[in-house]
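Colleague: Chain residues, written in single-letter form:
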Amino acid sequence: MSVQKTKLLAISSSGGHWVQLQRLRPAFEGCDVTFATTRDSYRHEVEGFRFEVILDANRTQKLKALLMLFSLLKVLLKVRPDVVISTGAMPGYFTLRLAKLMRCRTIWVDSIANAEELSLSGQKAGRIADLWLTQWEHLARPEGPFFKGNVLGD
Amino acid sequence: MILVTVGTDLPFNRLVQTVDEWAAAFGRTDVLAQIGETEWTPKHIPFVRFIEPVDFNKRFSEAGVIIAHAGMGTILSALKFGKPLIVMPRRASLGEQRNEHQLATARYLEALGKITVALDETDLRRRLESLDQLEVKARVGPYASQRLTESIKHFIAGGNAAC
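Residue numbers (the working numbering), protein chains in the order written: chain A, 1 to 154; chain B, 1 to 163.
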């Protein structure tokens, strides 16, 4: 009997969020991984993995946000993940929300760039992520987010 | 080669201008600036708007010193490549960022002994003038802490979130 690998969607914005997502790679071992981000040029950094491009938006761009949602939904329907993980920012948060509706298990790793308080997306992610992590010990709370180390290696 | 990098989203005139003026005053011809959306363009040093990821890694690994905004992508890359690094945080109060997270992150990472921070232009000028004394403060391996990756792996495999 063959065992199906866990299908994992690892998704983030470009820049620092993406660099942090890549540093989590050992966690994805044994999974069937798809990476997704907002910039096509990152494709070369994940050779050997499936790769999808999503649209970006921020809080002030309503039409772009709608198009972004469609692009996220498209990726989710294509990948049909069991687990979705994101290091932010807003597109990652919305992916987790959509993934929750599809009964995926969800992981939010708040960016290490949020040292004083969680990002807005990170705070809202607490209500939907099955595993909700901060990278700063002083931001951890008993009910979450939890602190389990950081991308620096500490 | 000194690589200046300020990310992509919003302008960061203060950093670019300070480095440009320093390079002119001290006759430095070994500086390249990635300036993103910065409106003010350098008068003395070569600059590009964006550097594609593959090229960026090459530039980064060849650079002798990195001078940058307090973006985590840049900071993590500098720590991974073991490059001397000065970061100047973008300030939301000056329209350089959407909130003050760069300032907070820079302060916390400085307190952990990971990076050298210049809080403003005067501080940056002072640090540039003693650039030969700049040291690599910390290094990181290729991946996050084993505790973090194992916790996530455990959860992916069906384990409980809180343990």
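Note that these hints are calculated values from the structure, not bench results.
All figures in this text were calculated on a predicted structure; none of them were measured in a lab.
Check before you lean on any hint, since a few could be wrong.
Unchecked claim - So the derived list for chain B, only partly shown, Cβ under 7 Å to chain A, looks like this: (1) TRP40; (2) THR41; (3) LYS43; (4) VAL48; (5) GLU52; (6) VAL54; (7) PHE56; (8) GLY71; (9) MET72; (10) GLY73; (11) THR105; (12) ALA111; (13) VAL140; (14) SER145; (15) THR149; (16) PHE155.
Claimed, not checked - SDA-like cross-link-like pairs, simulated, lysine to any residue; straight-line CA separation at most 20 Å: (17) LYS58(B) to ARG139(B); (18) LYS124(A) to ASN58(A); (19) LYS64(A) to PHE47(B); (20) LYS124(A) to PHE47(B); (21) LYS58(B) to TRP40(B); (22) LYS58(B) to GLU29(A); (23) LYS153(B) to GLU29(A); (24) LYS64(A) to VAL53(A); (25) LYS137(B) to LEU119(B); (26) LYS153(B) to GLY144(A); (27) LYS153(B) to ARG105(A); (28) LYS153(B) to LYS64(A); (29) LYS153(B) to GLN4(A).
Note that beta-carbon positions come from the ideal geometry of N, C-alpha and C, so glycine has one too.
Colleague: Please go over all the hints and tell whether each is borne out by the structure.
Modeller: Going down the list of hints, with the structure as the test:
{"no.": "1", "hint": "TRP40", "in the structure": "violated (22 Å)"}
{"no.": "2", "hint": "THR41", "in the structure": "violated (22 Å)"}
{"no.": "3", "hint": "LYS43", "in the structure": "violated (28 Å)"}
{"no.": "4", "hint": "VAL48", "in the structure": "violated (14 Å)"}
{"no.": "5", "hint": "GLU52", "in the structure": "holds (5 Å)"}
{"no.": "6", "hint": "VAL54", "in the structure": "holds (6 Å)"}
{"no.": "7", "hint": "PHE56", "in the structure": "violated (10 Å)"}
{"no.": "8", "hint": "GLY71", "in the structure": "holds (5 Å)"}
{"no.": "9", "hint": "MET72", "in the structure": "holds (3 Å)"}
{"no.": "10", "hint": "GLY73", "in the structure": "holds (4 Å)"}
{"no.": "11", "hint": "THR105", "in the structure": "holds (5 Å)"}
{"no.": "12", "hint": "ALA111", "in the structure": "violated (10 Å)"}
{"no.": "13", "hint": "VAL140", "in the structure": "holds (5 Å)"}
{"no.": "14", "hint": "SER145", "in the structure": "holds (3 Å)"}
{"no.": "15", "hint": "THR149", "in the structure": "holds (4 Å)"}
{"no.": "16", "hint": "PHE155", "in the structure": "holds (5 Å)"}
{"no.": "17", "hint": "LYS58(B) to ARG139(B)", "in the structure": "holds (18 Å)"}
{"no.": "18", "hint": "LYS124(A) to ASN58(A)", "in the structure": "holds (15 Å)"}
{"no.": "19", "hint": "LYS64(A) to PHE47(B)", "in the structure": "violated (30 Å)"}
{"no.": "20", "hint": "LYS124(A) to PHE47(B)", "in the structure": "violated (39 Å)"}
{"no.": "21", "hint": "LYS58(B) to TRP40(B)", "in the structure": "violated (26 Å)"}
{"no.": "22", "hint": "LYS58(B) to GLU29(A)", "in the structure": "violated (27 Å)"}
{"no.": "23", "hint": "LYS153(B) to GLU29(A)", "in the structure": "holds (8 Å)"}
{"no.": "24", "hint": "LYS64(A) to VAL53(A)", "in the structure": "holds (15 Å)"}
{"no.": "25", "hint": "LYS137(B) to LEU119(B)", "in the structure": "holds (17 Å)"}
{"no.": "26", "hint": "LYS153(B) to GLY144(A)", "in the structure": "holds (18 Å)"}
{"no.": "27", "hint": "LYS153(B) to ARG105(A)", "in the structure": "holds (13 Å)"}
{"no.": "28", "hint": "LYS153(B) to LYS64(A)", "in the structure": "violated (34 Å)"}
{"no.": "29", "hint": "LYS153(B) to GLN4(A)", "in the structure": "holds (16 Å)"}
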